[in-house]
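Residue numbers (numbering that gives the first Met the number 0), protein chains in the order written: chain W, 0 to 331; chain C, 0 to 278; chain L, 0 to 327.
Fair warning: there could be bad hints in the mix.
Dumping the calculated EDC-like pairs for lysine to aspartate or glutamate here, alpha-carbon to alpha-carbon at most 20 Å [as the list claims (entries may be wrong)]:
(1) W/LYS226 - L/GLU231
(2) C/LYS164 - C/GLU233
(3) W/LYS195 - W/ASP168
(4) W/LYS195 - W/ASP71
(5) W/LYS226 - L/GLU118
(6) L/LYS206 - L/GLU231
Estimated spans, in silico, between C-beta atoms of each pair [what the hints assert, rightly or not]:
(7) L/HIS269 - C/ALA10: 47 to 57 Å
(8) W/TRP122 - L/ASP197: 41 to 51 Å
(9) L/ASP197 - W/VAL245: 28 to 38 Å
(10) L/GLY35 - C/ALA10: 50 to 60 Å
(11) C/HIS186 - W/GLN88: 35 to 45 Å
(12) C/ILE196 - L/ASP20: 47 to 57 Å
(13) C/LEU37 - W/VAL58: 48 to 58 Å
(14) W/ARG118 - L/GLY21: 35 to 45 Å
(15) C/ALA10 - L/VAL314: 44 to 54 Å
(16) C/SER136 - W/ARG84: 25 to 35 Å
(17) L/GLY227 - C/PHE184: 30 to 40 Å
Simulated from the structure, these hints should not be mistaken for lab results. Virtual Cβ for every residue (Gly too), placed ideally from N, Cα, C.
Residues per chain, in single letters:
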Amino acid sequence: MLRRVLLVVPVLFGLLVLTFVLVRVVPNDPSAALAGQNATPAQIAEIRAKYGFDRPLVVQFFVYLRNVAQGDFGTSMYTGRPVARDIAQRLPATLELTFAALLLGVGLGVPLGVIAAVRHNTWVDHALRVVTVGGVAIASFWFAIMLQLLFAMALDVLPLRGRLGTALDAPRFLTGLYLVDSLAAGRLDVFWDALKHLTLPTVTLSFGALATITRFTRSGVLETLQKDYVTYATAAGYPRRVLIPVYVLRNSLVATVTQIGLLFGALLAGAVVVEAVYDWPGIGSYAVFAIFTSDYKAILAVTLLVGVVYACVNILVDLVLGLIDPRVAEQL
Amino acid sequence: MLVLRKFARDASGMAGFVIVALAALVALLAPWLAPHPLDAHESHPVQRLQAPSRDFPFGTDNLGRDVLSRVILGARPALTVALLVVGASMAIGVPLGLVAGYRSGWTCEAIMRVTDVVLAVPQLILALALAQLLGPSLRNAMVALTLTYWPFFTRIVFAETRRLKTAVFVEALQGLNAGGPRIMFAHILPNAAPSIIVRATIGMGFTILSAAVLGFLGMGATPPDPEWGLAVAESREYLPDAWWFATFPGIAIFLVVFGFNLFGDGLRDVVDPRLRRSR
Amino acid sequence: MTAGTALLAVEGLRVSIAADDGVARVLDHVDLAIPGGRVVGVVGESGCGKSTLARAILGILPRAARVESGRIAFAGEDLLRLDQRELTRRIRGREISFIPQDPYLALNPTFRVGTQLLEIMRWHASDGAADGARGRRARHRARLVELLRAVQLADPEQALERYPHQFSGGQRQRLLIAGALACRPRLVIADEPTTALDVTTQLQILKLLRDLAGDFGVSMLFVTHDFGVVAELCDEVMVMYAGQSVEAGATAEILDRPRHPYTQMLIACHPDRSSDLAGIPGVVPSPLAPPPGCRFHPRCPSARAVCAAARPASVADGGHAVACVLYG
Chain W
0 MLRRVLLVVP VLFGLLVLTF VLVRVVPNDP SAALAGQNAT PAQIAEIRAK
50 YGFDRPLVVQ FFVYLRNVAQ GDFGTSMYTG RPVARDIAQR LPATLELTFA
100 ALLLGVGLGV PLGVIAAVRH NTWVDHALRV VTVGGVAIAS FWFAIMLQLL
150 FAMALDVLPL RGRLGTALDA PRFLTGLYLV DSLAAGRLDV FWDALKHLTL
200 PTVTLSFGAL ATITRFTRSG VLETLQKDYV TYATAAGYPR RVLIPVYVLR
250 NSLVATVTQI GLLFGALLAG AVVVEAVYDW PGIGSYAVFA IFTSDYKAIL
300 AVTLLVGVVY ACVNILVDLV LGLIDPRVAE QL
Chain C
0 MLVLRKFARD ASGMAGFVIV ALAALVALLA PWLAPHPLDA HESHPVQRLQ
50 APSRDFPFGT DNLGRDVLSR VILGARPALT VALLVVGASM AIGVPLGLVA
100 GYRSGWTCEA IMRVTDVVLA VPQLILALAL AQLLGPSLRN AMVALTLTYW
150 PFFTRIVFAE TRRLKTAVFV EALQGLNAGG PRIMFAHILP NAAPSIIVRA
200 TIGMGFTILS AAVLGFLGMG ATPPDPEWGL AVAESREYLP DAWWFATFPG
250 IAIFLVVFGF NLFGDGLRDV VDPRLRRSR
Chain L
0 MTAGTALLAV EGLRVSIAAD DGVARVLDHV DLAIPGGRVV GVVGESGCGK
50 STLARAILGI LPRAARVESG RIAFAGEDLL RLDQRELTRR IRGREISFIP
100 QDPYLALNPT FRVGTQLLEI MRWHASDGAA DGARGRRARH RARLVELLRA
150 VQLADPEQAL ERYPHQFSGG QRQRLLIAGA LACRPRLVIA DEPTTALDVT
200 TQLQILKLLR DLAGDFGVSM LFVTHDFGVV AELCDEVMVM YAGQSVEAGA
250 TAEILDRPRH PYTQMLIACH PDRSSDLAGI PGVVPSPLAP PPGCRFHPRC
300 PSARAVCAAA RPASVADGGH AVACVLYG
């Protein structure tokens, strides 16, 4: 297990180097960009000294490393606040959205995959196949806009954007997840409003994940159903209605759980687009802002954060796989 | 060509192929197929935001341009970008994968670590950051996408090369004193080719989507290009009234990507019969 | 061996399986009778359909298989008339249990062995006593441990906590045998249970099965390709060729006086009887295009024109039945 964690370290270090190189090296002189279009050479030189751009790159890198180790990601040039604080403040929103999408994807995807496998080659299976292949072909930004058109504009049953209606205040901070916090504070009205706001973004974000999970669960279950131990269990009198959920599912889930690890990366990437369209105040929209305003410290921090989260999720996936399949556990 | 015949029996794979072929045709003949080809860059404010009608089956956009024509013309940048990005990614990723798989030791480790680092961040986010740093343009979007997509090929080719390296025929070749590069390119590569082709086909759909997202966020194509993602972005402020402006470019994206996915799936079933049973 | 007293009687069973390149007529009017308390062997080369026969009885044929006609009477009831739910509820595990061929693949690798076996007992080991779930589970566990001791598995208590991959092939087969006896069935169907094991283990398992059948008083249907095993273990035997039942009777009788040409050649070629590796000339026909009439006639030294015309009817003399024109 430890070996697995240690393997991640060089990758993360490489990520630090990569992000640093990207932002410092690619636009040759960031100080000119920062100073603005009409800056005089003196002003540019001043900025250069202020941000330390005049020191050798290697030195700049080590300064950067030291800062990161202390949790200091610098100050956002756009908001004027420490980047670390900006991210911490916005992180719960993205987590709430991503988890909701994952929950929806798994909660619907696994049962649908099982149904498709059990009703192999019937019209149900073919219909689901079309949906799953189509699901990953839909551009999420377009899907978001279509959903907004239908539900928020034409039917007016769901809100268009944001996390909470303007009339309501955010619930008292406990976890940062509005659904949890509002229940904890006993504010059902806030809960419902937050839930309504969460609906369209979650559906948009989860669609691709749902399609992929259904697909992989289906092939996992199909493969398991062919196995001898399933035939044996049937011969030994295992009732079918218990066989699938209890007996078969555990073996089929190996493929699905592996996919979830990869899917998380896709969900994080998707969150950028979804947050941008729905004005969701999370890391994704923050990243888009940072990119538009060349707020390089914010860009660095977000990229790094995403890399770390992604790596952690993959380790978690290995752990869960070890729980499901004892043979894997022995290899860890 | 038993392989082709096997493929032809698969209905959805064939459907995908037909869609892709049609899309390619549309892209090639776009200027002649579009009813108002000049709407690629000309604007007619007089007829702006008109609903779909006989003259304009998909309506007109905010500058009075025929949406149908712009959707047809948009096929060109979509497919060209996808082709170039996937092609360049292969050109970078495949040789790296071959070398990493064939040689062990420092070269292999270095290549694979770099691959891991690039893959550590979801592709879209990295591509977005790159595109912004390079400056928003279609060409820079292609560079950004290529620089973030090649590792997918490297991973696959690495796995295939490792698998094939221990195959008997490679050992036989080594016994005959065949040189490394020759073994890699003339012998291992053809055997890894099917997996690469499947990945490339699916990658085409994936790239079209990514390019559209970049276009939507303003990091790719710039006005007045008839790019699909850009069109959807431009349409936002005229909703809900001008629904046709947002809807049709998105449907185009969907159809083409759907076609590539079906086609890629069909290819995969033919290439790897092991997966076929649980399809 | 009359159908009237048999515990299990298969009559005229025809099964076909749809394949990519046609319809395989895997079983063609197969007859089999298993009296109560006896071990009956079904012997034939690989591909002759004996496994399909075993699976047809339990209703676990592959999806593409269809029962065209016939009857499988178990204690008078036609199993083919029951749907899957009925089969699961009343028959499988409880009345008829199964020992599969490959012990390596039969157990679910992600569950502990004890969990799997106890689960089956939970559904089928009825005892009528009313003492709640916890008490029942304890009793089942105790019974299972007793059985594991009976099949000579070392350290039974510990064994229940382990995973399948931690056992050897022979040990796993013993586990499966214990599982098959756990619910006190009336009939145990063993599908070549020793084929996947090495020779020494094979002999051990065969001896174990013989003893258990006697001790527990169960009938056994033993599917095998090896006549030597039949001689060792079975009271009665049915010989199959290419989906047809060609001869049936008491083992001793058939070994001494085989009537069907195929049976004669099969016995003669057995390594115990002959040092000649020649085997029977010709190849087993594919079920996709079987020869008409008696399917053995292309390879039969005594074949006549009438053999290809129609399948010969089975002619019984005392307990010894044979389906060959030479005798009827």
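Status of each hint after checking the structure:
no.	hint	in the structure
1	W/LYS226 - L/GLU231	violated (32 Å)
2	C/LYS164 - C/GLU233	violated (51 Å)
3	W/LYS195 - W/ASP168	holds (15 Å)
4	W/LYS195 - W/ASP71	violated (36 Å)
5	W/LYS226 - L/GLU118	holds (19 Å)
6	L/LYS206 - L/GLU231	holds (9 Å)
7	L/HIS269 - C/ALA10: 47 to 57 Å	holds (51 Å)
8	W/TRP122 - L/ASP197: 41 to 51 Å	holds (49 Å)
9	L/ASP197 - W/VAL245: 28 to 38 Å	holds (34 Å)
10	L/GLY35 - C/ALA10: 50 to 60 Å	holds (54 Å)
11	C/HIS186 - W/GLN88: 35 to 45 Å	violated (56 Å)
12	C/ILE196 - L/ASP20: 47 to 57 Å	violated (28 Å)
13	C/LEU37 - W/VAL58: 48 to 58 Å	holds (56 Å)
14	W/ARG118 - L/GLY21: 35 to 45 Å	violated (26 Å)
15	C/ALA10 - L/VAL314: 44 to 54 Å	holds (53 Å)
16	C/SER136 - W/ARG84: 25 to 35 Å	holds (34 Å)
17	L/GLY227 - C/PHE184: 30 to 40 Å	violated (56 Å)
The structure does not agree with the numbered hints 1, 2, 4, 11, 12, 14 and 17 stated previously, though it agrees with the rest.
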